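2 protein chains.
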Amino acid sequence: MTRQKPAPPSADVRMRGFASRTTVEAALAWVDGQCGRLSAERISIWRAAGRVLASGVVSPIDVPGFARSMMDGFALQAADTLGATPYSRLEAQIIGQSLPGKPFDGIVQPHQAVRIMTGAPLPAGCDAVLPAEQVEVEGPKLLILDPVPPGKNVAHVGEDVAAGGTAVSAGRVLRPQDIGLISSIGQSEVEVVSQPRVRIVVTGNELLPAGSSPAGAQIADSNGPMLAALVARDGGVPLFGPGPLTPPLPSTSNYLVPDDPSAILAAMQADADVILVSGGSSVGQEDHAPSLLAEHGELAIHGIAMRPSSPTGMGRLGERLIFLLPGNPVSCLCAYDFFAGRAIRSLGGRSHDWPYRKLRLPLARKLVSQVGRVDYARARVLGSKVEPVAISGASILSSTTLADGFVMIPADSEGYPAGAEIDVFLYD
Amino acid sequence: MTRQKPAPPSADVRMRGFASRTTVEAALAWVDGQCGRLSAERISIWRAAGRVLASGVVSPIDVPGFARSMMDGFALQAADTLGATPYSRLEAQIIGQSLPGKPFDGIVQPHQAVRIMTGAPLPAGCDAVLPAEQVEVEGPKLLILDPVPPGKNVAHVGEDVAAGGTAVSAGRVLRPQDIGLISSIGQSEVEVVSQPRVRIVVTGNELLPAGSSPAGAQIADSNGPMLAALVARDGGVPLFGPGPLTPPLPSTSNYLVPDDPSAILAAMQADADVILVSGGSSVGQEDHAPSLLAEHGELAIHGIAMRPSSPTGMGRLGERLIFLLPGNPVSCLCAYDFFAGRAIRSLGGRSHDWPYRKLRLPLARKLVSQVGRVDYARARVLGSKVEPVAISGASILSSTTLADGFVMIPADSEGYPAGAEIDVFLYD
Numbered sequence: 000m001t002r003q004k005p006a007p008p009s010a011d012v013r014m015r016g017f018a019s020r021t022t023v024e025a026a027l028a029w030v031d032g033q034c035g036r037l038s039a040e041r042i043s044i045w046r047a048a049g050r051v052l053a054s055g056v057v058s059p060i061d062v063p064g065f066a067r068s069m070m071d072g073f074a075l076q077a078a079d080t081l082g083a084t085p086y087s088r089l090e091a092q093i094i095g096q097s098l099p100g101k102p103f104d105g106i107v108q109p110h111q112a113v114r115i116m117t118g119a120p121l122p123a124g125c126d127a128v129l130p131a132e133q134v135e136v137e138g139p140k141l142l143i144l145d146p147v148p149p150g151k152n153v154a155h156v157g158e159d160v161a162a163g164g165t166a167v168s169a170g171r172v173l174r175p176q177d178i179g180l181i182s183s184i185g186q187s188e189v190e191v192v193s194q195p196r197v198r199i200v201v202t203g204n205e206l207l208p209a210g211s212s213p214a215g216a217q218i219a220d221s222n223g224p225m226l227a228a229l230v231a232r233d234g235g236v237p238l239f240g241p242g243p244l245t246p247p248l249p250s251t252s253n254y255l256v257p258d259d260p261s262a263i264l265a266a267m268q269a270d271a272d273v274i275l276v277s278g279g280s281s282v283g284q285e286d287h288a289p290s291l292l293a294e295h296g297e298l299a300i301h302g303i304a305m306r307p308s309s310p311t312g313m314g315r316l317g318e319r320l321i322f323l324l325p326g327n328p329v330s331c332l333c334a335y336d337f338f339a340g341r342a343i344r345s346l347g348g349r350s351h352d353w354p355y356r357k358l359r360l361p362l363a364r365k366l367v368s369q370v371g372r373v374d375y376a377r378a379r380v381l382g383s384k385v386e387p388v389a390i391s392g393a394s395i396l397s398s399t400t401l402a403d404g405f406v407m408i409p410a411d412s413e414g415y416p417a418g419a420e421i422d423v424f425l426y427d
Numbered sequence: 000m001t002r003q004k005p006a007p008p009s010a011d012v013r014m015r016g017f018a019s020r021t022t023v024e025a026a027l028a029w030v031d032g033q034c035g036r037l038s039a040e041r042i043s044i045w046r047a048a049g050r051v052l053a054s055g056v057v058s059p060i061d062v063p064g065f066a067r068s069m070m071d072g073f074a075l076q077a078a079d080t081l082g083a084t085p086y087s088r089l090e091a092q093i094i095g096q097s098l099p100g101k102p103f104d105g106i107v108q109p110h111q112a113v114r115i116m117t118g119a120p121l122p123a124g125c126d127a128v129l130p131a132e133q134v135e136v137e138g139p140k141l142l143i144l145d146p147v148p149p150g151k152n153v154a155h156v157g158e159d160v161a162a163g164g165t166a167v168s169a170g171r172v173l174r175p176q177d178i179g180l181i182s183s184i185g186q187s188e189v190e191v192v193s194q195p196r197v198r199i200v201v202t203g204n205e206l207l208p209a210g211s212s213p214a215g216a217q218i219a220d221s222n223g224p225m226l227a228a229l230v231a232r233d234g235g236v237p238l239f240g241p242g243p244l245t246p247p248l249p250s251t252s253n254y255l256v257p258d259d260p261s262a263i264l265a266a267m268q269a270d271a272d273v274i275l276v277s278g279g280s281s282v283g284q285e286d287h288a289p290s291l292l293a294e295h296g297e298l299a300i301h302g303i304a305m306r307p308s309s310p311t312g313m314g315r316l317g318e319r320l321i322f323l324l325p326g327n328p329v330s331c332l333c334a335y336d337f338f339a340g341r342a343i344r345s346l347g348g349r350s351h352d353w354p355y356r357k358l359r360l361p362l363a364r365k366l367v368s369q370v371g372r373v374d375y376a377r378a379r380v381l382g383s384k385v386e387p388v389a390i391s392g393a394s395i396l397s398s399t400t401l402a403d404g405f406v407m408i409p410a411d412s413e414g415y416p417a418g419a420e421i422d423v424f425l426y427d
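Just so you know, the sequences run in chain order A and B. Numbering-wise, the first sequence is residues 0 to 427 according to numbering that gives the first Met the number 0. Numbering-wise, the second sequence is residues 0 to 427 according to numbering that gives the first Met the number 0.
Put simply, identical chains are the same to the list, so a pair is met inside one copy or across any two.
DSSO-like cross-link-like pairs, simulated, lysine-lysine; straight-line CA separation at most 27 Å: (1) Lys140 x Lys101; (2) Lys151 x Lys101; (3) Lys357 x Lys384; (4) Lys365 x Lys384; (5) Lys365 x Lys151; (6) Lys151 x Lys140.
Derived from the structure by calculation, the hints contain no laboratory data. Remember, predicted model here, so these are calculated numbers, not experimental data.
Extracted from the complex, chain A is given alone in its bound form (with noise of 0.2 Å):
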């Protein structure tokens, strides 16, 4: 090794990295730019929890269909209970039952009352139910110790839905009470979008299936079941493997694409509505992705002013939509988290805003950030305060699992001093 003059810049760009990086913002811009709602499905109410109703379920009945007691006791007309008090009783006679699905099928007179279970249809002729408690029975007649107004313990006509109305709109992710609601209106299925079928492409001669023992130079891919994790999480379907759709989890190694353009170009031709490629992602001689879908598609995005993440790109190849994830688990859990996932959640009709929940607390210690890049710490949360765990590490993967979520720093910003308060994102 010897000292020398300066000589004149290398041809060899290829491993320069980056002339230049997409902001985040941008890069997010042109994400949302690409993500209009998938076309809707009709699927079993049995199936439909979690899922985004993809329009507005209006009723076609009343619910309940018919006036209905709400307690158990007895029917009557509200007008025979004036004036009743427990030492001033009423009497009304007891002509007969009414059950949830048996109902009183005569018309009930004045002075008259009807057994009524919670449920059950009222009778023709009442205009109130009398709770038990508020009666006493001696045989076939009815001591009625209080009052009671007109409509009391009744639930009416379309008192809970009323035809015509929407009983769940559009958009809603569907909890469980809003299954019962539609169940209950007399609809088996519902219209919900569909769910984005996502297909994972793990690159890397260096890779063994997930799971596998390690050995010499080559590790256990730990991106493919992760990614298939985030994806489902999302609202997608994973889907693994070059050829036709196979099934939702694969347990051989059917994601897995060698470092050759020829394979990669074909798992990124395969049928999706996204297709992520885990590693090869950056400028290096093996990173073949990125020039295969600028050749033969869109490389929209190459290099995006963050850390980690910054080799990720992002294009289209046809009607797909194609995410180049770094292959440093890191890396590929956050370039996924803050664009693959924001998109499948579009595309499925949900939220782009991420799914983890957001606390603000005041920093630990001082975190120091570099201007002109948006920095991705994982964290821990102790006691009431963020400790940040690492910015760099890209390779670390036991730094995510390690912390309870991470902290944003802006491009703008240099970093915060101990004791600011900050937003951290909980991981669970």
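Start from chain A and add chain B according to the hints.
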């Protein structure tokens, strides 16, 4: 109807409601005393997201298992870079390359360098990686523009996970990155807490299967699909039908049971960890489940000081934990959330706390409650205030679909004035 003198108390106590009611606190304590964690099972990491880790995962290996590069660049001896600047370059000879999965297998000497990719094994003899941005390349000649200290840009053996260390702790609800980390240590399966098998039994002669068009006095069940969604949310496996385990979600009426003691008893004796019986849970003439449970098992609690859901029961039948839930859908939801959901979460190794997000907001208006019972009021969040919707109306399921969540008023409270800060639990 004629006035008459007070009569002696009637013997018809069956319609008189509960003689006394258990406090919510005592019922929760009973639930907590019944719910040991279920046994563990081994499952594929591909299916493990959201499951609860039964025992800590200890890594048998170091990850990484070899020193590897964290950058694209050149592996060399750091000492060879000492004093380099862009105007005073140092030189080394490029003698090969190390790629991920394809290591360089010689030993690197002083003044030699090996082109290296991110993730590739560090060649023997090297102790640092010089990033591509800090060199120029002229054929086989490497021109060093900056110094690097020893260890720079190198991930060391065991840096992510050390052999013998706990990679992920027991009790963790597995997140995507946890699964990635477990995969990287060579484990294709994990030991997780078994999911509680929860049989859903809906009684009521007035009920048609979920999603049926109501006809006459017959109404469509709403509680079956609502409970199925709640059970799945809480990590349980919903089961249907009185016979052997059926597929997770029914499309038929195989979960509806008539108001017939022998049918209800048979349903309560079917195989399951938990049985939810909806309907017939009170003290009316068609309420068979409580007396059946008292006769054939243990009816530990029946009647709770709360509104809605006071006609809730719970107990055991053999190994099965049984919850008798009111048929009114709001009461059913509330009783599930207070008691059954807590049991299911605990059996499955999860926190027994509500899975609802909690906000603390001022009340938009006064909220009146009755001392001696817990009230569960559906509520909307409007702007930054919480607006109570309803405490009564146990049959009005739309009060829960229109609501954003609920507030709870403790038994010792008469309610709160407008503006009081109160916890609101969000349904989503």
